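With the hints as extra help, turn the sequences into a complete structure.
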Amino acid sequence: MDILFQIEFIIALVTFLSIVSMNVAKKNTTLVHTYLIQSLMLVSLLSLETYSEMSLEIGIVTLVMFVIKVIIVPQVLLRILKQHKASVSASTYLNVPMTLGSLILLCVFAQSYVFSEFFTTTPILRIFLIGSMLMSFFLTINRKGAISQIIGILSLENCIFAFGFFLHLKQAAALEIGMIFDVFFWIIISTIFVRMLIKHFGSIDVTQLRELKK
Amino acid sequence: MLLLLLLISPIVAVSLSYLVKKQKTLLENIAISSVGIQLIAAISIIVSVINEGAYTLNNAFSVSSFEALILLVTTIVGTVAMLHSVGYLRGEQAKKMIDFKRIKECYILLNLFLFCMYVAITTTNPIVMWIAIEATTLSTVFLISFFNRKADVEAAWKYLIINSIGLLLGLLGIILFLSQGSLLTGWASWDSLTASANAMNPLISKFAFIFILIGFGTKMGLIPMHTWKPDAYNKAPLPVVALLSGALLNVAFFAILRFKIIIDSVVSYTFSQNLFIFFGILSIALSALIIYTQHNYKRLLAYSSIEHAGIIMLGFGFGGIGVIGAILHMIYHAFAKSLLFLVSSNIALKYSSSKISDVTGMLTVMPRATILFIIGLLAVVGMPPFGTFFSEFYILLAGFKSNFIISLIAIISLAIVLTGFFIHSFSMIFGTPPTSVRAGESKSWTLIPIVFLAIILIVFSIFIPTQLMQLITTSAELFTKNL
Chain S
0 MDILFQIEFI
10 IALVTFLSIV
20 SMNVAKKNTT
30 LVHTYLIQSL
40 MLVSLLSLET
50 YSEMSLEIGI
60 VTLVMFVIKV
70 IIVPQVLLRI
80 LKQHKASVSA
90 STYLNVPMTL
100 GSLILLCVFA
110 QSYVFSEFFT
120 TTPILRIFLI
130 GSMLMSFFLT
140 INRKGAISQI
150 IGILSLENCI
160 FAFGFFLHLK
170 QAAALEIGMI
180 FDVFFWIIIS
190 TIFVRMLIKH
200 FGSIDVTQLR
210 ELKK
Chain Z
0 MLLLLLLISP
10 IVAVSLSYLV
20 KKQKTLLENI
30 AISSVGIQLI
40 AAISIIVSVI
50 NEGAYTLNNA
60 FSVSSFEALI
70 LLVTTIVGTV
80 AMLHSVGYLR
90 GEQAKKMIDF
100 KRIKECYILL
110 NLFLFCMYVA
120 ITTTNPIVMW
130 IAIEATTLST
140 VFLISFFNRK
150 ADVEAAWKYL
160 IINSIGLLLG
170 LLGIILFLSQ
180 GSLLTGWASW
190 DSLTASANAM
200 NPLISKFAFI
210 FILIGFGTKM
220 GLIPMHTWKP
230 DAYNKAPLPV
240 VALLSGALLN
250 VAFFAILRFK
260 IIIDSVVSYT
270 FSQNLFIFFG
280 ILSIALSALI
290 IYTQHNYKRL
300 LAYSSIEHAG
310 IIMLGFGFGG
320 IGVIGAILHM
330 IYHAFAKSLL
340 FLVSSNIALK
350 YSSSKISDVT
360 GMLTVMPRAT
370 ILFIIGLLAV
380 VGMPPFGTFF
390 SEFYILLAGF
400 KSNFIISLIA
410 IISLAIVLTG
420 FFIHSFSMIF
430 GTPPTSVRAG
440 ESKSWTLIPI
450 VFLAIILIVF
460 SIFIPTQLMQ
470 LITTSAELFT
480 KNL
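In order, the protein sequences belong to chains S and Z. The opening residue of the first sequence carries number 0 in numbering that gives the first Met the number 0; numbering runs sequentially from there. The opening residue of the second sequence carries number 0 in numbering that gives the first Met the number 0; numbering runs sequentially from there.
Since the hints were made in silico from the structure, they are not lab data. Don't take each hint at face value.
Which residues of chain S face chain Z? A partial, calculated answer using Cβ under 10 Å [what the hints assert, rightly or not]:
| hint | residue |
| --- | --- |
| 1 | E48 |
| 2 | L174 |
| 3 | E175 |
| 4 | D181 |
The structure displayed is predicted, hence computed values, not measured ones. Just so you know, even glycine gets a beta-carbon here, dropped at the ideal spot from N, CA and C.
Following this line, the structure appears as C-alpha cells:
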C-alpha cells in the first residue's frame with residue numbers, strides 16, 4: 000500500500016469511529032463537534048487529492064467544503080443550541096447497549112456477501128464506508144431530537160461523499176461545489192425549521208410533535 | 000435560446016418579486032408574465048422537438064421527446080397553478096390568513112420551484128438533476144408551512160426530513176452508477192452513462208437502482224415511503240399541492256425512468272419490471288383501502304395521488320402497451336389531479352374546512368365549481384370518456400397478458416377507489432349547505448384557470464394531435480426496446 004492510501008485508510012477509519020461516537024453521544028454539542036471532525040476528515044481526503052493531482056479545481060472544492068462544512072455548519076448548529084439551551088437533549092429511542100448492538104449488526108451486514116462486489120481489494124473498507132452510511136441512517140431514525148436528526152442526515156451525506164471518493168468518482172468541480180452549496184442551503188433551512196419547532200412546540204424533541212395526529 | 004428563456008424567466012421573476020415593496024398587483028403581474036413566457040417558451044421547444052427530434056441548448060441542457068412531454072405537462076400545470084394562486088392568495092388575504100410578506104414569499108418560492116423542475120427535466124447530468132430535485136424540497140418546504148400553524152410546521156418538518164433522507168439514498172444510487180463507467184469523469188451525461196452500461200457490474204447496478212427507486216420514490220410518495228404526503232398535501236396551500244401532485248410527481252418518476260433505461264441495459268429488464276410491479280400494486284391496493292375510509296378531502300386526494308403513482312408504475316412494470324398507457328396516464332393524471340386540487344382550493348376558501356362532513360350542498364353553493372369538481376372526479380376515477388379510462392385500460396390490458404393476479408388486484412382496488420370517491424363526493428355535492436356558508440361562485444381568478452385546465456383535459460381525452468402521439472410513442476420506445 001502506498002503512503003497516500005494508508006492515510007486515506009486512516010481517514011476512513013476516523014470517519015467510521017466518528018459515526019460510532021455520534022450514535023452513543025449523550026449531548027448535542029458532542030454530536031456537533033464529532034460532525035466537525037468527520038467533515039474535517041472529508042476535507043483531508045480532498046486535500047490529499049489536491050496534493051496528489053496538483054489540481055486547482057479540487058483545491059477550490061476543498062476550500063469551499065472547509066468553509067461550509069467545517070466552519071459554517073457547526074457554528075450554525077452550536078449557535079442554535081446555545082440560544083435555546085438544548086445542549087443536553089439528545090435522547091435516543093434505544094438505550095446505549097441496544098444502540099451498540101444495532102451498530103454491530105449493521106457492520107456485520109456491511110461486511111456480508113451482499114456488498115461483496117465493493118472494495119474487493121480492501122474488504123475492511125466496506126465496514127468503514129458502507130457501515131458508516133448505514134449507521135448514519137440509524138442515527139437519524141434512533142434520535143428524538145431535531146438537531147440530532149439534522150446531524151444524522153449531514154453525516155449520511157458526508158459518508159456518501161466519502162464512499163464516492165473511495166469509488167474514485169470524479170465529477171466536475173462545479174458539480175461538487177453545487178452539492179456542497181445544496182448542503183449549505185439545506186442546513187440553513189433546517190435550522191430555521193428547528194427555530195420554528197421550538198417556537199411552536201417549546202422543544203426540539205420530535206416526539207412532542209403530535210399536532211398531525213389530532 | 001428558448002430553453003435559456005424558459006430557465007431564466009422564473010429566476011428573473013424571483014429577483015423582481017424580491018424587489019417589490021407593498022405592491023401586490025405588481026407581484027401578480029410579474030408572476031403572470033413569467034408563467035406566460037414559460038408557457039410560450041415550452042411550447043416552442045416542444046414544436047422544435049417535434050420537427051427536429053431534439054432541442055439542445057448546450058452539452059448541459061437538452062430536450063428530446065420524453066423530456067418534451069414532461070416539460071409540456073409541468074409548464075401547463077405550473078401556469079394554471081400560478082394563475083389560480085392570484086385569486087387564492089387574494090382570498091386568503093381577505094380572510095386575514097396571510098399578509099403581503101407571505102404573498103411575496105409564495106410567488107418567489109413558486110417561481111423557484113418551477114425553475115428547479117425545469118432544470119431537473121432538461122439537464123443532461125444526473126448530479127445536476129439530483130441537485131435540482133433536492134432544491135424542489137428546499138423551495139417547497141416553506142410553502143408547506145405557509146400558514147405557520149403548529150400542524151403546518153410539523154408537516155413541513157416531516158416532509159423535509161423524510162425527503163432529504165430519501166434523496167440522499169437516491170444520490171447514493173446515482174454515485175454507484177456514475178462510479179462504474181470508465182467514460183464517466185467530469186461532466187457525465189445520460190448518453191455517456193447509457194453508453195457505459197455494458198461495462199457495469201450487474202450487482203452494483205441493481206443496488207444503485209434500488210436506492211434510486213427508494214430515493215425518488217420517496218419524492219413520488221410511493222407506499223411505504225409515502226408518510227409525508229397526506230400531511231403535506233393537507234397543510235400546504237392547494238395551488239402548491241396541485242403543482243406537487245401534477246408536476247413534481249412526474250418529475251421524480253422521470254428521474255427513476257432515466258435510470259430504468261440504464262439498468263435495463265445492464266441486467267434483464269425483468270429486474271426493474273418486478274420492482275415497478277411490486278411498488279405499483281402496493282401503492283394502488285393500500286391507498287384504495289385508505290381512500291375508502293377517508294374523512295378529509297385533501298388527504299383523500301393525496302392518497303389518490305399515491306394510487307395514481309402506483310398505476311403509472313404498474314404500466315411501466317407491465318411493459319408493452321402498458322408503457323404507452325403509463326405515459327398517457329402521467330399526462331392525464333397531472334391535468335385531472337391538478338384540476339381537482341384547484342377546485343378543492345375554491346371549496347376550502349368557501350367552506351373553511353377540509354373535512355368531508357363539513358362540506359355539503361356544493362351544487363347549491365357553487366354550481367360552476369361543482370361542475371369542474373365532477374369533471375375532475377370522473378377523470379381521476381378513470382371514467383370514460385376521459386383519457387384516464389383509456390390509459391388505465393391499456394395498462395390493465397398489458398397486465399392481463401403478463402400478470403393476471405396483479406391485474407385482478409389492481410382492478411378490485413380501482414373499483415374500491417371508485418366506490419370510495421363516489422360515496423364521499425355524493426355527500427359533498429348534494430345535501431343542504433351549512434347555514435354559515437353563503438352561496439356564490441369563487442372569484443374569476445380562481446375559476447378561469449381551472450376551466451382552462453378542464454378544457455385541456457377534455458380535448459386531450461378525446462383527441463391527441465398526431466405530433467403529440469408521435470412524441471408519446473417515441474418516448475415509449477425508450478422503455479420497450481430492451482424487452
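Evaluated hints:
Hint on E48(S) is violated. Least Cβ distance to chain Z is approximately 13 Å, over the 10 Å limit. At about 5 Å, the closest approach between the beta carbon of L174(S) and any beta carbon in chain Z falls short of 10 Å, and the interface hint on this residue holds. Satisfaction of the interface hint for E175(S) is found here, the shortest Cβ-Cβ separation to chain Z being roughly 9 Å, below the 10 Å cut-off. Nearest Cβ of chain Z to the Cβ of D181(S): about 5 Å, under the 10 Å cut. The hint holds.
When held up to the earlier numbered hints, the structure conflicts with hint 1 and nothing else.
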